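**Student:** Next come the chains, spelled out residue by residue.
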Amino acid sequence: GDSVTQMEGPVTLSEEAFLTINCTYTATGYPSLFWYVQYPGEGLQLLLKATKADDKGSNKGFEATYRKETTSFHLEKGSVQVSDSAVYFCALRGNNRLAFGKGNQVVVIP
Amino acid sequence: SQTIHQWPATLVQPVGSPLSLECTVEGTSNPNLYWYRQAAGRGLQLLFYSVGIGQISSEVPQNLSASRPQDRQFILSSKKLLLSDSGFYLCAWTNGQGVFYGYTFGSGTRLTVV
Chain A
1 GDSVTQMEGP VTLSEEAFLT INCTYTATGY PSLFWYVQYP GEGLQLLLKA
51 TKADDKGSNK GFEATYRKET TSFHLEKGSV QVSDSAVYFC ALRGNNRLAF
101 GKGNQVVVIP
Chain B
111 SQTIHQWPAT LVQPVGSPLS LECTVEGTSN PNLYWYRQAA GRGLQLLFYS
161 VGIGQISSEV PQNLSASRPQ DRQFILSSKK LLLSDSGFYL CAWTNGQGVF
211 YGYTFGSGTR LTVV
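Going down the list, the protein sequences come from chains A and B. Just so we're aligned: 13 in my numbering is position 13 of the first sequence, and the numbers increase by one with no gaps anywhere. Count along the second sequence starting at 1, add 110, and that's the number in my numbering.
In case anyone wonders, no lab produced these hints; they're calculated from the structure. Keep in mind that this is a model prediction, so the values were computed, not measured. Please note: incorrect hints may appear among the correct ones.
To be verified - Distance condition first, Cα-Cα at most 20 Å in a straight line; then the derived EDC-like pairs of lysine to aspartate or glutamate: (1) K102(A) <-> E136(B); (2) K68(A) <-> D54(A); (3) K77(A) <-> D55(A); (4) K102(A) <-> E169(B); (5) K102(A) <-> E8(A); (6) K190(B) <-> E132(B).
With the hints as extra help, turn the sequences into a complete structure.
**Tutor:** See the structure below:
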């Protein structure tokens with residue numbers, strides 16, 4: 001079935017550092033891909049999305065490109081802020097539902 | 111505009127007690143509705159989804175159940191809670207037809223079973 005794999009473990013980095021969170025997927029066809037962010041104690045918010053191969057989703061300085069050849073949708077930000085500390089989930093849409101990765105805790109240190 | 115409401119925000123329940131969590135959507139019709147659970151240290155697990163009134167699909171066997179008595183109302187229930195039911199429960203909706211706008215999540219319910 002459809003699935004999403006995110007890199008293991010939390011990510012801790014300093015303010016203004018470059019952030020990359022890896023995401024790969026397994027799916028039939030060409031699913032839509034998403035990144036969601038969850039701030040402490042809150043629900044999930046859509047960060048960005050891409051609906052077809054080579055699409056680049058972007059929002060709040062974050063970017064991710066839909067790579068069909070590598071079945072990946074890695075999240076990047078060039079210069080993180082303390083306010084970017086949150087849990088980030090990669091997800092794909094298939095069969096009327098969203099399948100999520102396990103999420104990555106990102107901690108940005110001043 | 112569309113909004114999604116989920117309540118209560120937090121809940122502490124003893125083992126063996128019943129559960130009822132409610133989710134309602136406003137500003138749209140015939141949405142697809144979802145219940146997810148986020149257990150501590152784990153990712154998001156889809157529990158149930160519904161594409162219409164009375165239509166419920168279960169993703170995992172457990173002591174929870176879901177119902178959709180009205181078009182924009184989705185209820186998660188249990189007759190007897192287990193300790194393992196503790197977690198963060200999220201309701202979500204998406205448009206069922208036409209252009210896909212994405213999934214919108216409620217603010218969640220933090221359930222602690224003691």
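**Student:** Hint by hint, note whether the structure agrees.
**Tutor:** Hint by hint, here is what the structure shows:
Between the alpha carbons of K102(A) and E136(B) the distance comes to roughly 30 Å, so the proposed pair goes past 20 Å and is violated. As the CA atoms of K68(A) and D54(A) are separated by approximately 7 Å, the hinted pair is consistent with the 20 Å bound. Using a Cα cut-off of 20 Å, the hinted pair K77(A) and D55(A) holds, with the two alpha carbons roughly 17 Å apart. A C-alpha spacing of about 17 Å is found between K102(A) and E169(B), which places the hinted pair at or below 20 Å, so the restraint holds.
Pair hint K102(A) plus E8(A) holds up; C-alpha atoms about 8 Å apart against a cutoff of 20 Å. Straight-line distance between C-alpha atoms of K190(B) and E132(B) comes to about 17 Å, which keeps the hinted pair within the 20 Å bound.
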